[in-house]
Each structure stands twice: as C-alpha cells, then as structure tokens.
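Colleague: Protein chains in written order, with the numbering used here: chain A, 1 to 141; chain B, 1 to 141.
Don't read these hints as lab results, they were simulated from the structure. Be aware that a few hints might be false.
Label pairs and their calculated CB-CB ranges [stated by the list, open to error]:
id, chain 1, residue 1, chain 2, residue 2, range
1, A, I98, B, P131, 34 to 44 Å
2, B, T93, A, E92, 36 to 46 Å
3, A, E65, B, E57, 18 to 28 Å
4, B, T2, A, P131, 15 to 25 Å
5, A, K28, B, I98, 31 to 41 Å
6, B, G16, A, Y129, 17 to 27 Å
7, A, D14, B, A20, 33 to 43 Å
8, B, A20, A, R17, 32 to 42 Å
9, B, I98, A, R17, 32 to 42 Å
10, A, T2, B, V139, 14 to 24 Å
11, A, K104, B, A53, 18 to 28 Å
12, B, T93, A, A86, 43 to 53 Å
13, A, R17, B, T2, 18 to 28 Å
14, A, V139, B, I98, 26 to 36 Å
The beta-carbon is built from N, C-alpha and C at its ideal position, and this holds for glycine as well.
2 protein chains.
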Amino acid sequence: MTPRINFVTLGVADVGRARAFYERLGLKASSASNPQVAFFDINGVVLGLFGYASLAEDAGLEAGEPPAFRGMSLAWNAASEAEADAIMAQAETAGARIVKPAQKVFWGGYSGYFADPDGHLWEVAYNPYFPFDAMGRLVLP
Amino acid sequence: MTPRINFVTLGVADVGRARAFYERLGLKASSASNPQVAFFDINGVVLGLFGYASLAEDAGLEAGEPPAFRGMSLAWNAASEAEADAIMAQAETAGARIVKPAQKVFWGGYSGYFADPDGHLWEVAYNPYFPFDAMGRLVLP
Numbered sequence: 001m002t003p004r005i006n007f008v009t010l011g012v013a014d015v016g017r018a019r020a021f022y023e024r025l026g027l028k029a030s031s032a033s034n035p036q037v038a039f040f041d042i043n044g045v046v047l048g049l050f051g052y053a054s055l056a057e058d059a060g061l062e063a064g065e066p067p068a069f070r071g072m073s074l075a076w077n078a079a080s081e082a083e084a085d086a087i088m089a090q091a092e093t094a095g096a097r098i099v100k101p102a103q104k105v106f107w108g109g110y111s112g113y114f115a116d117p118d119g120h121l122w123e124v125a126y127n128p129y130f131p132f133d134a135m136g137r138l139v140l141p
Numbered sequence: 001m002t003p004r005i006n007f008v009t010l011g012v013a014d015v016g017r018a019r020a021f022y023e024r025l026g027l028k029a030s031s032a033s034n035p036q037v038a039f040f041d042i043n044g045v046v047l048g049l050f051g052y053a054s055l056a057e058d059a060g061l062e063a064g065e066p067p068a069f070r071g072m073s074l075a076w077n078a079a080s081e082a083e084a085d086a087i088m089a090q091a092e093t094a095g096a097r098i099v100k101p102a103q104k105v106f107w108g109g110y111s112g113y114f115a116d117p118d119g120h121l122w123e124v125a126y127n128p129y130f131p132f133d134a135m136g137r138l139v140l141p
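Please take these sequences and the hints and turn them into a complete structure.
Modeller: Here is the structure:
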C-alpha cells in the first residue's frame, strides 16, 4: 500500500467563517458539508475544515493555542510570476493576510505566503523547474 | 483561478531521517531531492520535506518549538476497516508513533491516527460515505 493524501484537514476557530473564506477564494463546498465541518474537492484532494479543538480531540491530543508557525505549509503553484501575483491579490481580496509578498527567491523561483483567517500558511509559487501536467499537477523529475 | 494544493510541505528536524521514513512507507523520492529537501509525488500532490526552521524562515515566521498538535492533519483513506488496520501496522513498522489506534468513530467510519517521526499527524480512515474513483481519490457528494 502506497501512501495517498486523500484529505488535508485544517483546524479552524469558526467553520462558517473559514468556509466563507475558501468560497470567496473560488471553491465550492460539497453538499456533505454542515455547520460542524466543510469539505471541498481541491484537485483530487479533500480540503476539510473542522473545529481546531475538535480536530485535536479526535486525535486525543491537547489543542493548545494555535502558534503562528505550525511546521507545515500548503502550496498553490502558478504558471508564471504574473499569475503568482494575481493569486496573492485574489487571496488578499478574499480576506487572507499577506505573510510575505511574492518575490524572487534563492532557489530560482518566485514565491510568497499568505495565511488564511485561522493562520494556516499557504505558499504561492512559480517554480520554473517543475512543469504542470494537463490536470494542473506538478510533474517531478 | 481556483485553488489547488500542489504541495504539502512538512517541516522536519532531519531531512534524511524523514525521507527514510517516507521511503519505508512506500514512497519513492524524486531525483530533484537533495540533502536539504525531499520531494515525493503522492497521488498528484507533492509531499515536500524541508527543515523545520528553514520552512519558518522562508515565510518570515519564528519557528518556535514544534507543538504536539499543529492544527492540521493529513488523511490516507482506506477501502475497508481491514485495510485501515493494515496501513496503521505498516506505518508503525516504518517507525511511526501510533497516536490513536484505528477504531469505530462517531461519524460512522473507522479511523486512527499516527504521527511521523517529526510529529506530523496522519489520520488513517475508512469512510463508507465517500467512495474512491479509479485514481484512488475520494468522490464527494
């Protein structure tokens, strides 16, 4: 059995607020969503939004206070620097906080970061070394 | 532009140790990997492993100490309860810590959690309501 990422679940303070943010960003919630949980199909992965404390409790962990950095980032890759800029602007309009404006970076690409209303970190990147396939997925060497 | 999850990057204490864990779990690292970063194609999403402090620094955030709960989980869905048990056993053999043994849960499915060597939380779940497509992706209503 080879690992798959079927779900990325983000713990949020208010499912309705988080859902509205991702809807403004252009996603459509599944009809299986309810006030306690929201599901989005995002290029073949389910993005789940669930209460921060409830998610911790589900795993039997102490929730604690959400730290600014959580050891993880998601990335939404763009096809060009201009598209990365447009995505950052779209996210800001939807209510994201710009953590780092998109800029040329040491590895030869172009990248910025935004945080969703719960502080989950998204990188927006143009990576000239990893092309896209027809489905918008990156092709690794 | 509709959001995509192209990358899930996990901050790790030791890229070589984390890479070896995910290789034991059955993934093959891209040839673009190097001692500072590892890339795996995992059903169309890139799983990236990068230094915990380096990832924080890339976003301009303070790394802090990795908390036990980070407000997020990944899920690897199984086609049956038996497959979920087998995945949990496979993860434990590869060096994961079992956070919650797989068991029947309130929403009608079957789920457990393991943590990778850096504490990143993976749920292993059988969800009878969300079937798989031919590519092993969940189909939402």
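Colleague: Look at each hint and say if it fits the structure.
Modeller: We went through each hint and held it up to the structure:
1. A/I98 <-> B/P131: 34 to 44 Å: The hinted range 34 to 44 Å holds for A/I98 and B/P131, with Cβ atoms some 39 Å apart.
2. B/T93 <-> A/E92: 36 to 46 Å: At 45 Å between Cβs, range holds.
3. A/E65 <-> B/E57: 18 to 28 Å: Given a distance of about 22 Å, which is inside 18 to 28 Å, the answer is holds.
4. B/T2 <-> A/P131: 15 to 25 Å: holds, 19 Å
5. A/K28 <-> B/I98: 31 to 41 Å: holds, 36 Å
6. B/G16 <-> A/Y129: 17 to 27 Å: holds, 22 Å
7. A/D14 <-> B/A20: 33 to 43 Å: The hinted range 33 to 43 Å holds for A/D14 and B/A20, with Cβ atoms some 39 Å apart.
8. B/A20 <-> A/R17: 32 to 42 Å: For B/A20 and A/R17 the Cβ distance comes to about 40 Å; the hint holds.
9. B/I98 <-> A/R17: 32 to 42 Å: The hinted range 32 to 42 Å holds for B/I98 and A/R17, with Cβ atoms some 33 Å apart.
10. A/T2 <-> B/V139: 14 to 24 Å: holds, 20 Å
11. A/K104 <-> B/A53: 18 to 28 Å: At roughly 22 Å between Cβ atoms, B/A53 and A/K104 fall inside 18 to 28 Å, so the hint holds.
12. B/T93 <-> A/A86: 43 to 53 Å: holds, 45 Å
13. A/R17 <-> B/T2: 18 to 28 Å: The hint (18 to 28 Å, Cβ to Cβ) holds, given that A/R17 and B/T2 are roughly 20 Å apart.
14. A/V139 <-> B/I98: 26 to 36 Å: holds, 34 Å
Violated hints: none; the structure is consistent with every hint.
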